[in-house]
Amino acid sequence: MSKSINILPKDINPEESAVAEEPTTENGKIDPLELLQHDVKNNPNDLTKWEKLLKALDQIYQERYSSGNRDLIPEALKKTVKRSYENLLSRFPLLSNYWKAYSIFEFKLNGTKASIDVLEKAVSSFPHSMELWTDYLSALILTLGDKDDDYQLSSIRFQYNEALKLNGLNFSSHTLWDKIIEFETSIKENSRELLELYRKVTKIPLYQYAQYYNQFTQINKNYDAEKIIPKEEFKEYLEKFKKTSANDLSIVEKHQIVDDYTTKVFTSTQAQVTEKWPFESSLSIHEFSLEKVPEIENETENWVKYLDHEIDNYKQISESIPHDNGQTKNKSLKRQFEAVVNLFERALVPNYYNEDIWLKYVAFLNISLQDSEKKFDTTLHIYTRAVTNLPLDCIKIRLIYPKFLLKNGKLEMAGDYLVDLLKLFSGTQGPKIYLKEQYCLTIKSILQYWKRVENQRVYVDTLEKLINEHLPKLANSSKRTMAPSEPNEVSLIGSKVLTTVSKLLNEESISLIVVAYLKELQASQGNTEKIREFFNANYNHSAFKESIAFWAFFVEFEGLIHFNIVNLRFVVGYVKSRTMLPKSVVDSFLEIEYDVVSANLDSSYEDSRNDTGLTKILVNKDSEISSSIVHNSSARKRLANSNYKIRNLEAAKAKLANASKTPVLNREEELLRILRTHVAHPGIFVEAIPDVTNKFMNEGNGISLTKSKIVLPPFPTFKNVEKASAAITYPTQ
Amino acid sequence: MSYHNSGSRGGYRDRRGGFRGGSSSYGNSGHRGGGSGGGSGDYNRYSKGAYGSNGSGHSSHQQGGRKPFVKRGGHQPVYQSAYQSAYQSQNFQTSGYTQQNNRHNETSHSSFQQFQLWMGGLDPTWTEESISAIWAAFGEKPTAVKIMKDKFNTSKPSYCFVSFATQEAMAAAMNKNGLAIPGSTRVFKLNWASGGLAAQAASSVIPKGDSRVPLKNDYSIFIGDLAPDATEELIMSKFEARFPDQVKQVKIMYDPMTGANKGFGFIRFHNQDTKTRALKEMNGVVIGSRAIRVGHATGTNTIPPTGAQETESHEFSKIHIPQPQPTLNQFTDPNNSTLIVKGLSSKFTENEVAEHLIAFGDIVFCRLSPDFQSATVKFYLRASAENALLFLHGETINECQIEITWGSEKELTSGQKYEPAKKAPLIYSSFDVYPVRLDKLNESQVSELLSSGIDGSSPLPAGRANELYVKAKLQKESSLELALY
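Chains as they are written, first to last, in the working numbering: chain L, 1 to 733; chain U, 734 to 1218.
FYI, nobody ran anything at the bench for these hints, they're computed from the structure. This structure is a prediction, so every number in the text was calculated from the model and none was measured. Just so it is clear, CB atoms sit at the ideal spot from N, CA and C, and this is done for glycine as well. Misleading hints may appear alongside valid ones.
What the hints assert, rightly or not - Quick list of in silico lysine-lysine cross-link-like pairs, BS3-like style, CA-CA up to 30 Å:
| # | chain 1 | residue 1 | chain 2 | residue 2 |
| --- | --- | --- | --- | --- |
| 1 | U | K909 | L | K444 |
| 2 | L | K719 | U | K909 |
| 3 | U | K1080 | L | K41 |
| 4 | U | K1080 | L | K519 |
| 5 | L | K292 | U | K1173 |
| 6 | U | K909 | L | K519 |
| 7 | L | K444 | U | K1204 |
| 8 | L | K315 | L | K360 |
Claimed, not checked - According to the in silico footprint, chain L covers these stretches of chain U (three or more CB under 8 Å from chain L):
| # | region |
| --- | --- |
| 9 | 1073 to 1081 |
| 10 | 1130 to 1144 |
Stated by the list, open to error - Listed below are several chain L residues computed to face chain U (Cβ distance under 7 Å; list not exhaustive):
| # | residue |
| --- | --- |
| 11 | Y434 |
| 12 | K436 |
| 13 | E508 |
| 14 | L512 |
| 15 | A552 |
| 16 | S577 |
| 17 | M580 |
| 18 | K583 |
| 19 | S642 |
| 20 | Y644 |
| 21 | K645 |
| 22 | I684 |
| 23 | F685 |
| 24 | I689 |
Could you put together the complete structure from these sequences and hints?
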């Protein structure tokens, strides 16, 4: 399923998406740069347009300022560069190449400090990028003047530890490790820090795992065995050598122990690499890309398989029976947890817009984290990242998120979020993009949410209020459904929220609210009358012309609950001749009607005596679901009423007839006439159909063969023969 | 030398006289409808009736293989009406024969009426001269133009007959049908004038040269499988190389609409030998980018013809019927099952579009354009698409005035060529008890559908039938349940 990235949430945000103004002309010519900026603003998802703008900026720099002093570069250019890159990268923070280009440009314009700032921003916007971290650390190391400056050293160490925490487990993170090890070696050989790094890296399954093993074996003899080997294991070694303390060991023995331990670690790492290799080798795209979407989608399956495999490993560990107080188990569980999280983050780089992987991530956190507060915080963080950055057509995760909030008791947060979501989809903000499917689903979620947080009375009241505002004819305005809610009953749905929602309603959502309302009425006893009253007052409202749920409710209500054949026939009769529901839906209703009537023949006939209509239901069923408007008379009626070609014709004729006479057109006949112009070649309309004008067979004046004298019929005369042989006009493409 | 030249009826009479004593077979010819028994009796009857005029012409024709009368009938309306029809029928039966003789004897005779086109849709201001000028501007100067006016209603659009000097000129002129006339809003509206068709039929055999009828000694072969880049010159040079000085003419058939060759043509040789050799030797010779195929040209005679055979030598496959095949596009492709639904807005979701269309059959895919303005829907079967188009044409749904028309599977940008649709693989059953959207299924579901199709070739067990019935009901229910609003 290929999905193009259409609209991001920030596009809807009114401040940022103020529609780009047409570039103004200065001195009669348009600034090409401004034109490019305009272009980018209108096509923010088109990287080629961005590319053009950035290239143009670079060119301006190269031509005018590359040789001169930095101070001569005008502020305006600096600002434009900054704004352009920031806009692009805040939209697509995962485009690491653009971050790099940005930092280089900043270096050219403003010097080292500025370029490092850019990189810092880069690693905070895209923390799981090894490349950016490596660049950032390199830049930091380069600026390190004094090796003994403790403050600077510790700040670099802090940064690289951060980098390792986020990316150290990445299968191909050797560039990062190399950079850091190189740095530590340059500071001081055989330092504590270096040992720490090697102890870590040798245990991680990396593509270059053997290299680190080799490096480590070169230097590990410089360290004390006790420092290399964890306490527990060192004790075991001591026992093996039958010594009580490390001091009793000879140097040869110590070396033996270190070698043995290192090899052990190596073998275990090697086993892990071998296990992961089939998965790793199936992944070729690790970077975020807007162009390689199909390739990425092809690989998504491999990512999912890999994730499943690692999650299974995690589950196995967590289900295994611990020995030694569960310490080893906890340790390896934690390691595996980190590995899975890291893998998720890696997977989400190319598959950033794949909401299924986000959901999988959340699900994994749900099973793996025990501490409920930590779980909530971590999961919330993931949800927030997803719902603020994913394109608007990712609706699944957006609707699961409020459920998650509800589950964790954040009622208000969930409610506010849902209303915000409704705003986002309603097409009232920013570029006014109405996303119908998302909008309707959000309304459904809001209704569910209200139903859950309020008691029934308040819920029904709320629905009634909304309906009253939008369907003035609501019949029950005089009598209330339930006892009026207590004035002091606190409603979670504030009146402000209600007015906001009310403003955002349209015909689609009103029908959803009506159906929810009717279902509530139906659920409580004794409202049959009321429901029917509502129907009588509103069934021909335009909001319900296309609402499947509304009609499905009444077909079920009359046909399957109350077995009221007369009413059912009215409902279905209206649907089949007056609404604009899809044919498949009308067919379903017709079938339900048929089934209900034929299953209750006795009572049906009892109810509608002296009425041939009932028999017609049974006899005409097949023609009523026929897809030919010649045979299907109810569909013909329905279609003729909502056919705009016929309407237009009517309007034109009415104008001609001076509006004094009413309908001059039989709609159904007209529909059939239109059908005839293309029935033999659908979609290609030929008005002139050749015909014999003096057909004698059809007009009752056939030749009688019983008479002895037969008068020869006249030769046929034709019409439209010439027109029909004229060139065919095809619809314009 | 010929009868024609002798011209007078007196000549006939003479001949007749000579004949009188001779043959008795003549009377049996039966053309007059009254031929009874003996020769002399017949003769007598004749002499009583209308002796002296046409009967004799008839006989000479039958007997001598010389000819003549037929064409003259048109020029010299001297015959008495009683015989006119008889002549005409005779004329019809033997036209191939007579034409052939014509060629030998009287090329000068070629009547201009033979190369006549009907031209309609005339501008009332045009005169015969201006029409002639229009044609001259196109390089097809007519020999004559005759405007026919309606006697009673002179304002009625009139038509005219345009005559041309040669068959080629007429054929070339016919190709202008439908073209715009310069300096006017009208287009050429042409048709063969009556009688032209037969001439046309004959013409395509030998389009060049001085003759418009097949030759008796026409040693032609058919060449087929021509590459698009094969030209007459190229073929000529190939054949000349093999059979020096033996090739008389090469003719490739071109499509008047597209200008591309139709992939076949004819080659004429000077003698039977070369022709036989060419048939044997030239098959599979590569000309241009493809190997050609050779065969007997139907309609030419390998056996020296007798008169009777020759009369049947019209080959209907060669009759040019002026109905050009339209170029292949989404509207004309008979296998196209893709519809494009226009006039949508964001009030439509992809599922809703599909929901409105799925009642007509299985949908291969349904895609909404990124701007929500249109959708492309491909049905599995052409018939489904046709039904949907007929049913929903001109409807207003979700406040959108939708317009459905034929589309193409791949989005066509301007200037891009339409790719013919592939015919859907034949399946002998429906996919399921209800129409399905194939793009919503994964591979294993599709293969399951294909394997579980019910084709009616074996009786369905009651249990299975029930299962299917329930399945269909449940599906309908769930689709109502899952409705967006």
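Find the hints from earlier in the document that the structure breaks and name them by number, from lowest to highest. Of the numbered hints, 1, 6, 16, 23 and 24 do not hold.
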